[in-house]
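Note that our numbering has the sequence shown beginning at 2, numbered continuously upward.
If you are wondering where the hints come from, they were derived from the structure by calculation, not from laboratory data.
One should not assume that every hint holds.
[Said to hold, decoys possible] Derived lysine-lysine pairs resembling DSS-like cross-links, with alpha carbons at most 30 Å apart:
| id | residue 1 | residue 2 |
| --- | --- | --- |
| 1 | 110 | 75 |
| 2 | 135 | 75 |
| 3 | 120 | 106 |
| 4 | 120 | 110 |
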Amino acid sequence: LHPGEYFATGDDVIISTVLGSCIAVALFDRRNAIAGMNHFMLPGSVNRTTDVVATETGKYGMYAMELLINQMMKMGSRRSELTAKVFGGGHVLRSTVPGAGAVPKSNIKFAFDYLSLEKIPVEASDVGGTIARKVFLFPQTFRILLKRITGNLIVDVEREEEAYLEKIKKQTTAGGEVTLF
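All chains should be modelled from the sequences, with the hints used to inform the complete structure.
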């Protein structure tokens, strides 16, 4: 998965992503053997008065969580039966992008605040630090294979995240109106 993407399935496949400061939340419904994962770059808000529809893509945590949960509910899951695993939030950006240094901590806080608010228990997590992570989710068993990325390999993750942050910044400043019906 790339930033802003999510995927849910009950099939015997592998869902994977590479994370630096981004967060991936894996959700599992044991009763229906459905699992999914998202990958978001910026937190969003856990304030219920904020209109989730106003966010355009899954690049924001709030929207990414709702997209994944809604997809799993369409497949037969119930919110009350979900459990979670949380990964990422590594401080890997040595960026000139304003505010980039606060992203990992904000992402981690958002993920745990959101899951707490939604009463979705967190079974495991591997967050923070100065490493990147490669995460493999096996949906039928909810097992995770986690590879910590250090050294020169972090440079590739850093480059991808900086490019994505710049893209988001340009999209945000481009503006536009949202009309709700």
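Report task. Assess, step by step, whether the Cα of residue 120 is no farther than 30 Å from the Cα of residue 110, and give holds or violated. Result -> Within the cut-off at roughly 15 Å; holds.
Query raised in the report: Within 30 Å, alpha carbon to alpha carbon, are residue 135 and residue 75?
Result: Distance ~28 Å between residue 135 and residue 75 Cα, so the pair holds.
Report task. Please work out if residue 110 and residue 75 have their alpha carbons no farther apart than 30 Å. Result -> Since the Cα atoms of residue 110 and residue 75 sit roughly 28 Å apart, the hinted pair holds (cutoff 30 Å).
Query raised in the report: Given the proposed pairing of residue 120 with residue 106, does the C-alpha separation stay at or below 30 Å?
Result: Holds, at about 21 Å.
In summary, the structure agrees with every hint in the numbered list given earlier.
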